[in-house]
Amino acid sequence: STTKAATDSEIILVPCITIPGMIDVMQYHGITVVPVDIVPSLVEEGQDGNDDDDNDNNDDDGLPGVIGVDVDAVRAAVTERTVAIMVVHPFGMVCASTDDMERLRRIADDNGLDLIEDCAECYAGAGPPSVVGGAGGGGAAGAGRTASSCDVGDGGGYYGSPYADLSLFSFGTIKTATALGGGIAVVRKQRAPTQTSTTTLAYEMRRVQSTLYGQQSNAEYLVKVGKCTLLHLLSLCPLLCGMIYNIVTVL
1 STTKAATDSE IILVPCITIP GMIDVMQYHG ITVVPVDIVP SLVEEGQDGN
51 DDDDNDNNDD DGLPGVIGVD VDAVRAAVTE RTVAIMVVHP FGMVCASTDD
101 MERLRRIADD NGLDLIEDCA ECYAGAGPPS VVGGAGGGGA AGAGRTASSC
151 DVGDGGGYYG SPYADLSLFS FGTIKTATAL GGGIAVVRKQ RAPTQTSTTT
201 LAYEMRRVQS TLYGQQSNAE YLVKVGKCTL LHLLSLCPLL CGMIYNIVTV
251 L
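Taking my numbering, the leading residue of the sequence shown gets 1, the next gets one more, and so forth.
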């Protein structure tokens, strides 16, 4: 909302997997969401050990369980009403490689668009600098993507792509790395001259935050910690969970 986009604007969502709340925010501001379908994340050249050109379209060329970004489909989806491209990394998997993000950056620059990253559950804190995450394992990059394919900090955690104008991290209760609420917005230098400057964007974001959200007191946070601790303890007892479920169902 800080960019004051027109009510008939469009934001391209790729891959098209996100929480309902994100869609609600866009629709509240009269922005149309343009979804781009998911594609398998391709194995890097030479990794599959098969150089047969006849097998280029084989399903085995994709990494199982990993979601990729269809850059060509994003380019085709851009219209005169498009104001931004939002790259989503669902379930803690970094879906766009460095090459993907660089190509999306070029598309954004050529059309005067913002490039936004919804990193959601990708924050992994300090980890091994060589590999961020592993196949199926709770790491930031997922599917064994190495540090060379991600923007990795000194501690090995994923901090967003350097090609993105804005990278958003959240620390809600359901997140693997949780603070029981809150988040981080990483605002980078804007590359397109038609875009809002970094200083203006950061200022507007702080203004919106201070206007709409008050600072949480220690007492409020303590109550939240107590509730979440109780829920965690309950979740460790399947029998108790079943009893509560049956009671709720009857009511």
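Because the hints were derived from the structure by calculation, they are not lab data.
Bear in mind the structure is a predicted one, so any value in this text is a computation, not a measurement.
A few of these clues could be false.
Computed Cβ-Cβ distance ranges for the label pairs, DEER-style [unchecked claim]:
id, residue 1, residue 2, range
1, L251, Y28, 46 to 56 Å
2, Q215, D8, 15 to 25 Å
3, V25, K224, 19 to 29 Å
4, G226, T176, 43 to 53 Å
5, I19, N111, 42 to 52 Å
6, D70, P238, 37 to 47 Å
7, T200, A179, 52 to 62 Å
8, G226, R106, 28 to 38 Å
9, D37, G226, 35 to 45 Å
C-beta: ideal position from N, C-alpha, C; glycine also.
Taking the hints in turn, this is what the structure says about them:
Distance hint check for L251 and Y28: the Cβ-Cβ separation is about 33 Å, which falls outside the suggested range of 46 to 56 Å. Distance hint check for Q215 and D8: the Cβ-Cβ separation is about 36 Å, which falls outside the suggested range of 15 to 25 Å. A beta carbon spacing of about 23 Å between V25 and K224 agrees with the range 19 to 29 Å that was offered as a hint. Range check, G226 to T176: about 21 Å between beta-carbon atoms, so the 43 to 53 Å window is missed.
For the pair I19 and N111, the beta carbons lie near 27 Å from each other, so the given range of 42 to 52 Å is not met. Checked against the hint of 37 to 47 Å, the pair D70 and P238 passes, with Cβ atoms roughly 41 Å apart. Between T200 and A179 the CB atoms are about 28 Å apart, so this pair departs from the stated range of 52 to 62 Å. Look at G226 against R106: about 49 Å separates their beta carbons, and that is not inside 28 to 38 Å.
Checked against the hint of 35 to 45 Å, the C-beta distance between D37 and G226 comes to roughly 43 Å, which is consistent with it.
Of the hints listed earlier, those the structure fails to meet are numbers 1, 2, 4, 5, 7 and 8, in rising order.
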